[in-house]
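Now for the letters of each chain:
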Amino acid sequence: MTDKQKLFNSGILTEERPGAVSPPRDLWENKKNGLVIIECPQRIPCNPCHTSCPTGAVVPFDDINDQPQIDYSKCTGCARCVAVCPGLACFVVDLTWGDESRALMKLPYEMLPSPEEGRQVDCLNREGNVVAKGTIVRVTEPMHDKTKVVQVEVPKDLVMDIRAIKVV
Amino acid sequence: MRETDVMVIGGGPAGLSAAAEAASFGCDVTLVESDLALGGQLIKQTHKFFGSKDERAGTRGFKISELLLEELSGYGNVKTYTNCTATGYYPEDGVVTCVRAEDEYFKIKPKKIVMATGAQERLIPFPNNHLPGVYGAGAVQTLMNVYGVKPGDKVLMVGAGNIGLIVSYQLIQAGVQVAGIVEAMDKVGGYWVHAAKVRRLGVPIYLRHTIVEAIGEQYVTGAVIQEIDERFQPQGERKSLDVDIICMAVGLSPTCELLWQAGCEMVFVPELCGYVAQRDRNMRTSHKDIWVAGDAAGIEEASSAMVEGRIAGVSTARALGRGTHE
Amino acid sequence: MPHKSKQDEIIICRCEEVTLGEIREWIEKGYDTFDELKRVLRVGMGPCQGRGCRDLVLREISRISGMKISEIPPGRFRPPSKPVKLGVLAKGGDDE
Amino acid sequence: MKLIEEHPILDFKHGKRVTFSFDGRQLEGYEGEPIAAALHANGVKVYRETPVRKQPRGFFCAIGKCSSCFMVVDGVPNVRTCITPLKEGMHVETQRGKGVIPAITDKGKR
Numbered sequence: 760m761t762d763k764q765k766l767f768n769s770g771i772l773t774e775e776r777p778g779a780v781s782p783p784r785d786l787w788e789n790k791k792n793g794l795v796i797i798e799c800p801q802r803i804p805c806n807p808c809h810t811s812c813p814t815g816a817v818v819p820f821d822d823i824n825d826q827p828q829i830d831y832s833k834c835t836g837c838a839r840c841v842a843v844c845p846g847l848a849c850f851v852v853d854l855t856w857g858d859e860s861r862a863l864m865k866l867p868y869e870m871l872p873s874p875e876e877g878r879q880v881d882c883l884n885r886e887g888n889v890v891a892k893g894t895i896v897r898v899t900e901p902m903h904d905k906t907k908v909v910q911v912e913v914p915k916d917l918v919m920d921i922r923a924i925k926v927v
Numbered sequence: 059m060r061e062t063d064v065m066v067i068g069g070g071p072a073g074l075s076a077a078a079e080a081a082s083f084g085c086d087v088t089l090v091e092s093d094l095a096l097g098g099q100l101i102k103q104t105h106k107f108f109g110s111k112d113e114r115a116g117t118r119g120f121k122i123s124e125l126l127l128e129e130l131s132g133y134g135n136v137k138t139y140t141n142c143t144a145t146g147y148y149p150e151d152g153v154v155t156c157v158r159a160e161d162e163y164f165k166i167k168p169k170k171i172v173m174a175t176g177a178q179e180r181l182i183p184f185p186n187n188h189l190p191g192v193y194g195a196g197a198v199q200t201l202m203n204v205y206g207v208k209p210g211d212k213v214l215m216v217g218a219g220n221i222g223l224i225v226s227y228q229l230i231q232a233g234v235q236v237a238g239i240v241e242a243m244d245k246v247g248g249y250w251v252h253a254a255k256v257r258r259l260g261v262p263i264y265l266r267h268t269i270v271e272a273i274g275e276q277y278v279t280g281a282v283i284q285e286i287d288e289r290f291q292p293q294g295e296r297k298s299l300d301v302d303i304i305c306m307a308v309g310l311s312p313t314c315e316l317l318w319q320a321g322c323e324m325v326f327v328p329e330l331c332g333y334v335a336q337r338d339r340n341m342r343t344s345h346k347d348i349w350v351a352g353d354a355a356g357i358e359e360a361s362s363a364m365v366e367g368r369i370a371g372v373s374t375a376r377a378l379g380r381g382t383h384e
Numbered sequence: 041m042p043h044k045s046k047q048d049e050i051i052i053c054r055c056e057e058v059t060l061g062e063i064r065e066w067i068e069k070g071y072d073t074f075d076e077l078k079r080v081l082r083v084g085m086g087p088c089q090g091r092g093c094r095d096l097v098l099r100e101i102s103r104i105s106g107m108k109i110s111e112i113p114p115g116r117f118r119p120p121s122k123p124v125k126l127g128v129l130a131k132g133g134d135d136e
Numbered sequence: 175m176k177l178i179e180e181h182p183i184l185d186f187k188h189g190k191r192v193t194f195s196f197d198g199r200q201l202e203g204y205e206g207e208p209i210a211a212a213l214h215a216n217g218v219k220v221y222r223e224t225p226v227r228k229q230p231r232g233f234f235c236a237i238g239k240c241s242s243c244f245m246v247v248d249g250v251p252n253v254r255t256c257i258t259p260l261k262e263g264m265h266v267e268t269q270r271g272k273g274v275i276p277a278i279t280d281k282g283k284r
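Chains as they are written, first to last, in my numbering: chain Z, 760 to 927; chain D, 59 to 384; chain G, 41 to 136; chain A, 175 to 284.
One or more hints might be untrue.
As the list claims (entries may be wrong) - No farther apart than 30 Å at their CA atoms in a straight line, the calculated lysine-lysine pairs in the DSSO-like style are these:
1) A:Lys176 / Z:Lys905
2) A:Lys228 / A:Lys272
3) Z:Lys907 / A:Lys176
To be verified - Sample of chain D residues facing chain Z (criterion: CB under 8 Å; computed from the structure):
4) Ser110
5) Gln231
6) Gly233
7) Ala237
8) Gly238
9) Gly260
Claimed, not checked - Derived, one-sided and incomplete: chain A residues facing chain G with beta-carbon distance under 7 Å:
10) Val226
11) Arg227
12) His265
Don't read these hints as lab results, they were simulated from the structure.
Where a beta carbon is used, it is the ideal one built from N, C-alpha and C, also for glycine.
Excised from the complex, chain Z in its bound form (with noise of 0.2 Å):
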């Protein structure tokens, strides 16, 4: 077994898989509100992504085992999706926000301590490495069930890198 699959196996996203979604490039960039990264790379049985979204981007499934396909042309970077992920497999990433290095991601979040708007958090990547530091611009909980969404502003260049905060 090679190292990547090695990785793989325990959990971490190791090359492009299917079910692992990014947005093409040039219609990302120009994006406002950023558009929707999910890695989901098994055929489980699961498909609120779909039935939360409100613009019908997670096209319809055939079969409720498939992997979430995306219409990027629909995809408004809601969160709604992010929100009601069972397995927290869903990111939207705005590259238009801040100044050319910046970006901002919207990451799903049920721990403590509770994200408050202007803190600094550290930014983990997939392997739960601290990796950068991060400002929460904002917190929204789309599906009123505590499970929040955080808007953190992070270095552009790292957004296919970071997966989730840690509020320090």
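Given chain Z, put chains D, G and A in place with the hints provided.
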């Protein structure tokens, strides 16, 4: 002697669903639950369920339990007893004996029975596995998610199936550090997304590793883990972890004593994690008055337990000639 | 093995305190069903009625004898499946 | 006490605070919650000592199925403390060995 149309043994997702369904057809239902609260394992589940909307996907387990109890409270023909264990089934006269708390004993003669007795935690053999601090994953969930008690400060999780992964995440939510998860196989057994959730919080998952020893005199003060080879034999360097809880998530076995006592035909099905009652598509066992549902019918998930409970509930009502809603 | 190893001391039946070493010893003597081991070792006769140890014992029988787990008789189950105080039984059922 | 003060998802609604004794010590817990949970919150992990090997046993399954958490409660041995609710003034004792069954009286009747 007490009598009832349908007796449901076990008040978890399967039992509550069966009771609601049978009651909806006008059957008089008696449900007994050994725990202090109804809801079974659902009341400990803080994570959101997978599945589709009909199966309440995206809803947390404990909320689903609240919804089931609300549904059940709408029926006047359901009696529930908590802290009440069904201790025996006597095939000669079809009587079930129950003990409520520790000192009230009663007999009941139901026309039909749904056995929704759930499952119990498995253990694996390793030195000192009897020490306090070696707990089943369900027990850890009970402490922290039902009673708000911190099970310990630092945990070793044994098993990276869905339960091990989900409970690790819940431990972090409760403010407990997870030192690592050991998994004997070369990949996580649970959903990949559950593994990703704990990995990105910095929890290591040691694949092809097992616990080889618990350390402690009166209770756990540490654990030793080691890599295993293809024949599951420990090899190489032993790694000591400074933990005060060892959480076992190595699988469940269906709880079937009453089914055995009743003389139901039992079959060994490895996929369902042990001996289970032979049953038809309506969840009826080889005994004409006994149905089975949920983990007692084979280890699956709460979502399937609820479906099986509904099927069993409808089927008992039918067998009593009440198969249609008026 | 000349001396008892840590493995031999592992508790399999938490109620009756039966160890892995004892179970292996009796299986090797030919006691290869759950009920036979129960008679000689009291394994599974404690208050939990084998809920915790039955799987482990069957697995051990299977490992040593080469039989599939499904081929090993899993033993008899008798009520009560939880300890009941004799006084409660003596008061006998309800009069409702 | 080892209680979870704050939780990101759950709100704990504890019952009335009551006092009980454990091996002569006065401890506090919440009425109606399992005795074992109250002990654990007080840092007590050993609930009984086995008859033969004198080994400690504690919590294990928490659903009344495994017998690991047996204790002597108000004089009665082999009580499954994981599913027995705590009451004000209860006398909880570490069970040593199999425990002595008390004489049959009507004391336990409700």
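Here is what the structure says about each hint:
1. Using a Cα cut-off of 30 Å, the hinted pair Lys176 (chain A) and Lys905 (chain Z) holds, with the two alpha carbons roughly 24 Å apart.
2. At most 30 Å may separate the alpha-carbon atoms for a hinted pair to count; Lys228 (chain A) and Lys272 (chain A) meet this at roughly 11 Å.
3. Using a Cα cut-off of 30 Å, the hinted pair Lys907 (chain Z) and Lys176 (chain A) holds, with the two alpha carbons roughly 27 Å apart.
4. Interface hint at Ser110 (chain D): satisfied, since its Cβ lies 6 Å from the closest Cβ of chain Z, which is below the 8 Å cut-off.
5. About 6 Å separates the beta-carbon of Gln231 (chain D) from the nearest beta-carbon of chain Z, less than 8 Å, and the hint is met.
6. About 7 Å separates the beta-carbon of Gly233 (chain D) from the nearest beta-carbon of chain Z, less than 8 Å, and the hint is met.
7. Against a cut-off of 8 Å between C-beta atoms, the interface hint on Ala237 (chain D) is violated, since the closest Cβ of chain Z lies about 13 Å away.
8. With its C-beta approaching chain Z no nearer than about 11 Å, Gly238 (chain D) sits outside the 8 Å limit, and its interface hint is violated.
9. A distance limit of 8 Å between C-beta atoms decides the matter here; for Gly260 (chain D) the minimum to chain Z is near 3 Å, and the interface restraint holds.
10. The closest approach between the C-beta of Val226 (chain A) and any C-beta of chain G is roughly 5 Å, which is under the 7 Å cut-off, so the hint is satisfied.
11. The closest approach between the C-beta of Arg227 (chain A) and any C-beta of chain G is roughly 5 Å, which is under the 7 Å cut-off, so the hint is satisfied.
12. A hinted interface residue such as His265 (chain A) counts as satisfied when its beta carbon comes closer than 7 Å to some beta carbon of chain G; here the least separation is about 17 Å, so the hint is violated.
The earlier numbered hints that this structure contradicts are 7, 8 and 12.
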